[in-house]
Amino acid sequence: MSPYPLLRVVLASALALLVCACSSLPTDVSRTESRALSNTGDTRLGHGVGELTKAHPGQSGIRALPEAKEAFAARILLARGAQRSLDLQYYIWHRDTTGQLLWEEVWRAAERGVRVRVLIDDANTGGLDEMLATLDAHPNIELRLFNPFANRGFRAGDFMTDFTRVNHRMHNKSFTADNQVTIVGGRNIGDEYFGANMEVGFQDLDVMAVGPVVREVSDEFDLFWNSASAYPGASLLPAAAADGPAKLQASWEANRNREEAREYIETTSRTPLVNEVVQGQLDFEWTTAHVLHDDPAKALHPVDRQDLHMLPHLEAALGRPDKELDLVSPYFVPGKDGTAGLSALAKRGVKVRVLTNSLSATDVAPVHAGYAKYRKELLEAGITLYELKPGSAVPPPDKDSRPHGLPGSGSTGGGSAASLHAKTFAADRKRIFVGSFNLDPRSAQLNTEMGVVIDSPKLASRLSSQLDSTLPNAAYLVRLTPQGELEWIEREPDGRQTTYTSEPGAGGLRRLWVDFLKILPIESLL
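The opening residue of the sequence shown carries number 1 in my numbering; numbering runs sequentially from there.
In case anyone wonders, no lab produced these hints; they're calculated from the structure.
Note that the coordinates shown come from a computational prediction; the quantities given were computed from them, not determined experimentally.
Certain hints may be false.
Computed cross-link-like contacts, DSS-like style, restricted to lysine-lysine with a CA-CA straight-line distance of at most 30 Å [what the hints assert, rightly or not]:
1. LYS347 to LYS247
2. LYS373 to LYS336
3. LYS347 to LYS430
4. LYS336 to LYS247
5. LYS323 to LYS336
6. LYS373 to LYS351
7. LYS376 to LYS351
8. LYS323 to LYS351
9. LYS518 to LYS373
10. LYS458 to LYS347
11. LYS458 to LYS518
12. LYS458 to LYS430
13. LYS373 to LYS458
14. LYS376 to LYS347
15. LYS247 to LYS376
16. LYS323 to LYS347
17. LYS351 to LYS336
18. LYS373 to LYS347
19. LYS323 to LYS247
20. LYS351 to LYS247
21. LYS336 to LYS518
22. LYS323 to LYS458
23. LYS54 to LYS323
24. LYS376 to LYS323
25. LYS347 to LYS54
26. LYS373 to LYS247
27. LYS54 to LYS430
28. LYS336 to LYS347
Pair ranges (Cβ atoms, derived) [to be verified]:
29. GLY349 to ALA228: 44 to 50 Å
30. LEU520 to ASP304: 20 to 26 Å
31. ARG491 to PRO245: 52 to 58 Å
32. ARG95 to SER502: 36 to 42 Å
33. GLY126 to GLY349: 34 to 40 Å
34. ASN226 to ARG112: 40 to 46 Å
35. ASP307 to ARG31: 57 to 63 Å
36. LYS458 to ASP304: 25 to 31 Å
Note that beta-carbon positions come from the ideal geometry of N, C-alpha and C, so glycine has one too.
With the hints as extra help, turn the sequences into a complete structure.
So, in structure tokens, the structure goes:
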């Protein structure tokens, strides 16, 4: 027996790692091109949308979905209402309570004969291959993985040997039924996005849309679906087990029968959105709206290929603000150029206001470290900075039963910790962007993103008005002291005020960790 058993283990592990890391993506992939169905005007959704659009030719109907449970209900209703097609594109689809409920509805739609196309970024599918293979094996479901990992069981191998490629991700999010109704925004599929997680909840924002903008979403989906980075599930996943469907059905039934799921389903069924659909009184705002998105080739080419990026188009679509610019971004790392641009706006008299996560509310500390480096410069330029308190839900400004709040007002589940996840920008209370784009280098250079720019004084004003009324109590105001040091102001509804001289709500170790991260050259990865 070797006198160095530990060395033998290390050498064996290194050899196994080397073998795993040598896996590569298949090169002989057969991709059958497909497009969104256009013959859906005679479906139930088509008839309903047709009646609405007759009175608003050339315009799109927009309905904000700020409340978490309504956002979930909207997706369930679309899955149940679809008769011809479902096109679903997501960065994350968890196998949790809401994730399984939606998978079950998707399966039921396929069983009815609905053609289902599901495009998922592969970064968060670890451990799901068996389930995904079973779904993909259904004759009416086709699943593709965007920019997949070659090493299915040991993904670290890809990070070691193919980091540049796998560091690019598809962050887009859309849910389209019968090419008639779509949902676009910031929410992934998972409990924390739909108010079903009692420990953490993301404040987020989607919009549901009908009319011409839906075709633009479908065109975006087709572009990504037929791209070189979208791999058919069968080219990577194991063969589906014969008992796979039975196992899925059993897991879905067990999920539905859990007490938490039953309570969530019951609560969701009573949302105002569901009542409006039942009564045939679903309300939309009619206006012009356009989809902006990156080119999927952004995942394959160097970051200097600016022709593939949506950021310049987003800046052009929002226009040059004359009076106000409100930015809501959970991951806010403006960088040198962004800081200079925002500072220039503020210096010519534009009121620039930013809402992002505080250190105690963020779920990604390195991003906060990237943002923190620019706080003083932004404040010196006259930009107003707010950082969301942990556990603070931004409530809707209206007191009626319908949640109009933006950027995300729904309950996050009991006493859960709230973290900002909405990405929305409003210019001059006239135009608003809702989508997946964060104001950080990752969204600008590495990930693909999408969203909708809406010409809507109503929605843009609602966002700005809500920030006016709720930020003082829901977020820390960051400002500079006369000596040029940072301080955080916390205001309570009763008028009390507390001043902090270091990141409020964050422990000493967390603050120390962020201080260390600030000195690392990682900004381009954030």
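(request) Starting from LYS347, check that the Cα of LYS430 is at most 30 Å away, please. (result) Holds: LYS347 and LYS430 sit about 21 Å apart, inside 30 Å.
(message) So if I understand the rule, the pair passes when the alpha-carbon distance is 30 Å or less; does LYS373 with LYS247 pass?
(response) Roughly 50 Å between the alpha carbons, so the hint for LYS373 and LYS247 is violated.
(message) So if I understand the rule, the pair passes when the alpha-carbon distance is 30 Å or less; does LYS54 with LYS430 pass?
(response) Satisfied, since the Cα-Cα distance of roughly 25 Å is no more than 30 Å.
(message) Just to be sure I understand the hint, the distance between the Cβ atoms of LYS458 and ASP304 should be within 25 to 31 Å; is that true here?
(response) 39 Å, violated
(request) Sort out whether LYS323 lies within 30 Å of LYS54, counting only the CA atoms. (result) 35 Å, violated
(message) Verify the CB-CB distance for ARG491 and PRO245 against the hinted window 52 to 58 Å.
(response) 55 Å, holds
(message) Next pair to validate is LYS336 with LYS518; report whether the Cα-Cα distance is within 30 Å.
(response) 14 Å, holds
(message) Need the status of pair LYS351, LYS336: alpha-carbon distance at most 30 Å?
(response) 20 Å, holds
(message) Hinted pair, alpha-carbon criterion (30 Å max): LYS458, LYS430. Please report holds or violated.
(response) Distance of about 8 Å is within 30 Å: holds.
(request) Could you grab the alpha-carbon distance between LYS323 and LYS351 and see if it respects the 30 Å cut-off? (result) At roughly 6 Å apart (the allowed maximum being 30 Å), LYS351 and LYS323 satisfy the hint.
(request) Could you grab the alpha-carbon distance between LYS373 and LYS351 and see if it respects the 30 Å cut-off? (result) Given pair LYS373, LYS351 holds - Cα atoms ~22 Å apart, limit 30 Å.
(request) Assess, step by step, whether the Cα of LYS376 is no farther than 30 Å from the Cα of LYS323, and give holds or violated. (result) The hint holds at about 22 Å.
In the structure shown, a violation is registered for the earlier hints numbered 1, 4, 11, 13, 15, 19, 20, 23, 25, 26, 33, 34, 35, 36, in ascending order.
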